[in-house]
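Visitor: Keeping the supplied structure of chain A fixed, place chains B, C, D, E and F with the ligands upon it in accordance with the hints.
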Amino acid sequence: MQNTKYRTFPRGGIHPPEWKLSAGEPIKEISAPARVIIPLTQHLGAPAVPVVERGTAVVTGQLLAQGQGFVSANIHTPVSGKVIKIDAAIDASGYKRTAIIIDVDGDEWDSTIDRSPSLNKNIRDSREEIIRKVQDAGIVGMGGATFPTHVKLRVPKGKKADMLIINGVECEPFLTADHRLMLEKGNELMIGVRLIMKALEVKNAVIGIEENKDDAIEYLSGLAEKQPGISVQTLKVKYPQGGEKQLIKAVTGREVPGGGLPVDVGVVVHNVGTTFAVYEAVQKNKPLIERIVTVTGRSLSTPSNFLVRIGTPVSKLIDAAGGLPEDTGKVVLGGPMMGKAINNLDIPVTKGTSGVLFLPADESHREKADPCIRCSKCISVCPMGLEPYLLMPLAEYKLWDKAEKEKVMDCIECGSCSYTCPAHRPLLDYIRLGKMQVGQLIRKRKQTV
Amino acid sequence: MEYIIIFISAIFVNNIVLAKFLGICPFIGVSSRLETSVGMTGAVAFVMVIATIVTYLIQYYILKPLSIGFMQTITFILVIAALVQLVEIILKKVSPALYQALGIYLPLITTNCAVLGVAILTIQNGYNLPEAAVFSFATAIGFGLALVLLSSMRESLDLVDIPKGMKGIPVAFIIAGILSMAFMGFAGLV
Amino acid sequence: MAKRESTFGNMLLALTVVTLISSASLGFVYELTKGPIAAAKLAKKNEALQSVLPEFNNHPVEEVYKKAVDGDTLYFFPARRDSQLVGTAVETFSPKGFGGTIRLMVGFLPDGTINNVAVLEHKETPGLGDKMDRKKSDWSVQFEGKNPKNFKLAVKKDGGDVQAITASTISSRAFCDAVERAYNSLMKGGQQ
Amino acid sequence: MDKKLLTVSLSPHLHGKETTSKLMTGVVVALIPAWLVSVYFFGWDAVIVPVVSIGSSVLFEFLIQKYLLGKKSSIQDGSAIVTGFLLAMTLPSNISPWLVILGALVAIGVGKMSFGGLGNNPFNPALVGRVFLFISFPVQLTRYPNPNHIIISDAVSGATPLGLLKEGMRNGEAVSGLLDQVPSHMQMFIGAMSGSMGEIAAAAILLGFIYLLVKKIITWHIPVTILTTVFLFAGILWLANPRNNADPLFHLLTGGLMLGSVFMATDYVTSPMSKKGMIYYGIGIGLITVIIRRYGAYPEGVQFAILIMNAFVPIINMYIKPKRFGEVKKNG
Amino acid sequence: MNQWNNFSKGIFKENAVFVQVLGMCPTLGVTTSAYNGLGMGLATTFVLLMSNIVVSMVKGFIPDKVRIPAYIVIIASFVTIVELIMQAFVPVLFDELGLFIPLIVVNCLVLGRSEAFASKNNVLSSAVDGLGMGLGFTLALFMLGSIRELLGSGAWLGIKFIHGDGMLLFILAPGAFIALAYLIAIMNRVNRRNA
Amino acid sequence: MSQVVLYTIITLSTVGVVSAIILYFTAQKFKVYEDPRIDQVDEALPHANCGGCGFPGCRSFAEACVKAETLDDLFCPVGGNETMAGVAHILGKEVVEAEPRVAVVRCQGSFEYRPRTNHYEGVSSCAVEHSLYTGDTDCPYGCLGQGDCVEACAFDAMYMDEETGLPVIIDAKCVACGACVEACPRDIIELRKRNKKDRKIFVSCVNHDKGGIAKQYCSVACIGCTKCVKECRYDAISMDTYLAFIDSDKCVLCRKCVTVCPTVSILEINFPPRRIKTEAVAAEKTSLTRESGKISDNSDSLK
Ligand SMILES: Cc1cc2nc3c(=O)[nH]c(=O)nc-3n(C[C@H](O)[C@H](O)[C@H](O)COP(=O)(O)O)c2cc1C
Ligand SMILES: Cc1cc2nc3c(=O)[nH]c(=O)nc-3n(C[C@H](O)[C@H](O)[C@H](O)COP(=O)(O)O)c2cc1C
Ligand SMILES: Cc1cc2nc3c(=O)[nH]c(=O)nc-3n(C[C@H](O)[C@H](O)[C@H](O)COP(=O)(O)O)c2cc1C
Ligand SMILES: Cc1cc2nc3c(=O)[nH]c(=O)nc-3n(C[C@H](O)[C@H](O)[C@H](O)CO)c2cc1C
Ligand code: SF4
Ligand code: SF4
Ligand code: SF4
Ligand code: SF4
Ligand code: FES
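Residue numbers (our numbering), protein chains in the order written: chain A, 1 to 449; chain B, 1 to 190; chain C, 1 to 192; chain D, 1 to 332; chain E, 1 to 195; chain F, 1 to 303.
Some clues are possibly wrong.
[Stated by the list, open to error] Each computed DSBU-like pair below joins lysine-lysine, with the alpha-carbon atoms no more than 35 Å apart:
# : chain 1 : residue 1 : chain 2 : residue 2
1 : C       : Lys-135   : C       : Lys-156
2 : E       : Lys-160   : C       : Lys-41
3 : D       : Lys-17    : A       : Lys-398
4 : C       : Lys-41    : C       : Lys-188
5 : A       : Lys-28    : A       : Lys-226
6 : A       : Lys-20    : D       : Lys-216
7 : D       : Lys-71    : A       : Lys-398
8 : A       : Lys-368   : D       : Lys-66
9 : B       : Lys-167   : E       : Lys-9
Worth flagging that the hints you see were computed from the coordinates, not collected in a lab.
For reference, chain A alone in the conformation it holds in the complex:
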């Protein structure tokens, strides 16, 4: 029934329960906390270098740290106040890393930022101008990978993009941040899409949305009708539909070659959150200092979507959502499939934090791993056509060469395999180890060559 109408990627994928508890909750703004912790690594690539010192007074939107090198991003202060120290703090990586810690004092904004709610439809900036603004605003991919957006906007020489795909899939269970954003900021998104199209010099843009967000599909389709070149593509509900390569395959039928980038098939993918941030940066001159975070969990009293300043500790969000549920066993930053479990509730929200999920104690434990029964279910769900059952022992027995030959590096860490395995094998745990070790070997090899 849906086959003809809705597209999806052809191989693999799973259907975890959706649990979109907060889908009907409008975005609520949370006021700035008393103290924020701003890690210097909120993006893929080199840490930003602080341009403030201990004691510097800052106003909201002011540059705190400058991106360093090709792949890096600027960081701005989300609050006004005083830098009290630059020191190590535990962030979502699970380790202590350098962060700027600011005590909040008032809410004074940088005067260049346009804070009015009005829509700015006029696209005046040139292509270069847009990219520069995006870079200045420190925008990174908000779909999870936090790859600096300006790098993606500059299509490498010799390659040509002919299509922009906006990722509004949000295939992770529980998360609703993108969904709410699409419903509430549709007009801004359209302008954001135009801006990115201009930057990339492409004529076509497709917004990919999963079937289960029919209100967003309807709303954006209506808006897109008036926008030449922009269309909305409804997609079947299947995890990991939002994975870049899967999305491209679903929308265009093109397959990003192993080890290649989306531009190799002429496509660039951006998340809706990123698109909105681009709009704000270019049209409103507002750097990336806040983001939408879904705070959710089945025992939580009020699952919500919050607009949160970067640097706000997770504990503050918990308070706003009605307090830590009694039975909490695990707290996850991000969605349940790809998110990271944290051991400390003082960890700050960063540019890549799309959600905070509370899992009850009885759901936070893993079943005992049984021997692999070779059911090949992990193979059939792997969207990348890998053989997780094989990769796991290869990593376990440290056979890195073989793991590389079996394409361990292609794994997108979607977790479909571990989810499916009837024997509860910790497939992805080991595959990650394999990726790490093989990655190191490859880098070493490149160095010696």
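Guide: Chains B, C, D, E and F with the ligands in isolation, oriented as in the chain A frame:
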């Protein structure tokens, strides 16, 4: 037709290892890796065919006319040993690549019952020269088939947890046993 | 231990000496055992003959005659007591065994009645087909004293009179086949 | 420490509902129709043999794990039950319980636990047990009771249709004549023939097959390729020489082909991992089955065919890989 | 080395079949009964003993390069002698063992011992070693033969214990492999415990 | 002599001699040189094939020995000096006496001294856990206790102590192959000089956090107080970002530093008992407790 029957018989029905119990030492010994077992198969096939032909000639042109059949064992093994060494020496010089691939198995072949066994069986079965060649080649293929199957299975078992006492040789024998059991299904094919 | 240098001369010498000595001793042993081996072979054949034929006092092995049948050869051993023919043993075969050709020695009385059967050679499965051998079971007793003229040499399944070995119809059939071949040739070839 | 500690682990933090024991239970459920048919035709024997087989399989697994391997027992995963059940289904109902116990010992002890238990065995344990019995006790294993629909069967030893065929053909009779002696296709479809308990009723096995497919326990690839291969290969032989060959439908309905291809060739542990691999595997089983049935000494070849192809599985897995994402096209 | 150790190592610690896994073909091929195993073992022992003695006697005269061919000739001679003698005096057993008698020549055990031991030691030690190794081999074959005969035909040394047949598989090829597998596994365990 | 015997002799001798001649001449013609010393060296090696020497197997090590100019960089940890002397003898080369070494575990963060602050669930692999986060305590440096090192040891020289959750090295069995050092993702294991009677003194901690912070999560961490550095008269102790390190080549085992360490981070092992101090120290050790406090430090803990 005759040749096809000899061929199928030697590979499936009367597999040299699984049914005739010859060449078991290398079958168990070099079957821990698939790659080596392929190399071994190549080396065995090479030596087996040459040795069978040479011993055939010796049998029918020397031993039989002189009616000293009892000398079969000693002359055959001498010829095989010399042949193996000859092949090794020549290969080392002429094709170092091939030597790298097969050379390490060559010394093992001298003490491989399969080679001498096939030479003697050829005589016992009363084959003529072309039949002898087909028979020895097919036997080598049969040896290779069993070896490759066993080694691929052993290699895949490297990634699982085998009980301590069974690891290595015992498990190889169990596999060989079940394989031999399965091959009994081919009985009566020819 | 001191390894001996290898020169062409001493290599050749050593090998020659070793082969010389070995071959000489082999030849010697062969000469010694030649007699006993021949005797053992003869004894085996005689044993088979004695077991399938009534008492005789000639040397059937010396009077053997043969006949080519079905691509192989049958051997006939006439047994006489005091030059009176008391029976003929036929060394017969059948290619239809489960494991290949089987060879039997069948002793017939002059009227064609089967006196006894001995298995000379077979490759049937131990525990199954090899029950045709008297050493393994008494199955072949059922042939004793039967005359194929009125005893149909086929297993019951095929409408004959032979009770097949359990689970070894094939071997039993081959057995019958061999006996029948012997009988037919003997009768057709006439007795000397 | 009184404070509850947060759990930290790597993603994913959710898990599907599938478990090993649920899969195994599914297989047992799928076998029930075939079993009920055998109870109908063979009576109490068809109850006793499976009970003995399952009981001893589980017991042996438990004892070996506990006393020989010193591992924690894992009988609750249910795989020993499946092995025991399938072993029973491949045996004639009039077999002595002692042989059943011996078969279970070989299946579990040699076929499975020697390799370390569930997931490690390269050969199908139930078939190892069955072939062991078949070779060791050919007399007992080739005497089948005739189907009987009275509740207590009076064990007459009969021949299976394939057995009849092979016998006749060895005697040089024409197949067409022989086919008159065997039950009709319809009778065979519902199970009115002699044979092993589980193999007689194609209809009941197909019911189980549908259940397995619906429950997503197995995919269609292996059974369908085996059956198709047998159908095509037997069909070609039949068209070429109808005097010496049975029709392809006869091949599909007789012997252990159905049972083997639906329940035994599909055993996860001993079948290939990739879909393409499964197809090669299925073709192999189909071909070997027909070759043994037609040219070999044994009337039936499925059990050997599956074991032989089991041996090829590691090679298939090594060289036949699923298609990797982004593998073919270098540019779109 | 203490001669007793020298002797006993071949039976236990370095047993050719269980530990070194040499000479597998006769081990599997002829052990359908305990009697056959014994016969084959003794034949091999004879060859082993004699060739060890002769090799250790001539080791000084053989240049290194032709060592192997010379040893093979020596071994092959003894094998042929055994062949002839068995043919003459135990023809029944000879028929049973068939092809495996000439194959003693290529039994790695025999050549291995000549190479590894006899060519480095004196005559007495070599003789003791050959005897020990040979008896170890014989013991293994006898054990395997006994097991296969017991399980396969329900008999031992030809004496029937049960009516009818045993588990035929054990007389056939697969049973040989499987029985040997467990025998080796058990021996491994025993050896490890003793070590 | 009968004819048969004559034929026998002639045939066999001919076959033997002919093959010998053919072999000899082909051997001459197709000669390939291989250094015979490789075999000799190979024979002298212990054949553990453990790779501790850095080569894939004993034979390739032998080849390397034969090829190498000097044996300085080549060492077989299993065979030790004795073997290397043998190899040197065969090759007529000199061998440097490598100092015997032994592995030590530099972490004392047992369950008692380093409270667990969360519950790790996942595969038992230090490498995996290390890639995830600090571990189930708050110490980002300390032992994760999943036993990768124990797994790596091919000589059964290590085991996990159930009570402390830390690995233990059996001095007598350790051959200093370094496999465990390689395996540990947190670089906790070090190869140190083996002293008389296996005595050793070393700082059993690898924590670079500032003292105050380190003490919050581990009561036996090195806090970088520099007391030991000042105490050592042999200049054997150095301080690197709040962590003391004792150079085993310089240390003379005087035991002075041990007594001054306020957190008992410096271990003395296999020494005769001291009379007075130890009890007091032990008492102090157990009285240390975890305090809560803020997290702050500026070192980057990710390698
Ligand atoms: C090393 C590296 C280089 C990249 N270079 C580019 C680039 O030149 N152009 C581009 O559009 N995207 C580039 N990307 C971004 C990726 O295509 C992708 O969008 C990003 O990794 C996030 O995707 P994910 O969330 O699916 O992992 C790069 C990514 C990495 C890791
Ligand atoms: C398994 C997987 C699932 C993903 N799911 C989503 C998703 O639901 N929504 C999304 O926007 N990005 C998702 N991503 C990230 C996208 O691959 C990609 O990085 C992103 O759309 C690029 O846009 P950005 O650079 O603006 O973040 C997922 C990535 C992976 C690997
Ligand atoms: C390992 C094995 C060996 C066999 N050997 C023989 C044999 O030597 N002779 C024979 O007639 N059948 C042999 N068979 C064939 C079967 O026993 C088969 O059931 C028989 O040919 C036909 O059965 P029936 O005699 O009960 O009609 C063997 C079967 C197996 C499994
Ligand atoms: C679909 C399916 C088929 C199975 N088939 C068999 C079988 O044929 N024989 C068997 O012993 N076990 C079978 N099992 C159970 C289990 O996989 C088997 O015991 C393992 O091979 C033991 O490692 C099956 C399980 C499943 C899920
Ligand atoms: S986590 Fe990796 S291996 Fe597992 S299903 Fe996803 S892409 Fe495949
Ligand atoms: S899903 Fe699990 S049990 Fe099935 S093959 Fe993959 S790893 Fe093995
Ligand atoms: S792994 Fe470590 S403990 Fe084990 S021997 Fe090597 S150095 Fe010593
Ligand atoms: S010392 Fe290192 S490898 Fe060993 S258990 Fe501790 S963290 Fe793991
Ligand atoms: S005895 Fe070793 S190969 Fe046959």
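Visitor: Decide, hint by hint, whether the structure agrees.
Guide: Structure-based check of each hint:
With a C-alpha separation of about 24 Å, the suggested pair Lys-135(C) and Lys-156(C) falls inside the 35 Å cut-off, and the hint holds. Simply put, Lys-160(E) and Lys-41(C) have alpha-carbon atoms about 29 Å apart, close enough for the 35 Å limit, and the pair holds. Between Lys-17(D) and Lys-398(A) the alpha-carbon distance is near 30 Å, which keeps this suggested pair within the 35 Å criterion. Simply put, Lys-41(C) and Lys-188(C) have alpha-carbon atoms about 30 Å apart, close enough for the 35 Å limit, and the pair holds.
In summary, the hint linking Lys-28(A) to Lys-226(A) is supported, as the alpha carbons are separated by about 29 Å, within the 35 Å threshold. The straight-line distance between the Cα atoms of Lys-20(A) and Lys-216(D) is roughly 26 Å, inside the 35 Å bound, and the hint therefore holds. Using a Cα cut-off of 35 Å, the hinted pair Lys-71(D) and Lys-398(A) holds, with the two alpha carbons roughly 24 Å apart. Note on Lys-368(A) and Lys-66(D): the hinted pairing holds, with a Cα-Cα distance of about 19 Å set against a maximum of 35 Å.
Note on Lys-167(B) and Lys-9(E): the hinted pairing holds, with a Cα-Cα distance of about 23 Å set against a maximum of 35 Å.
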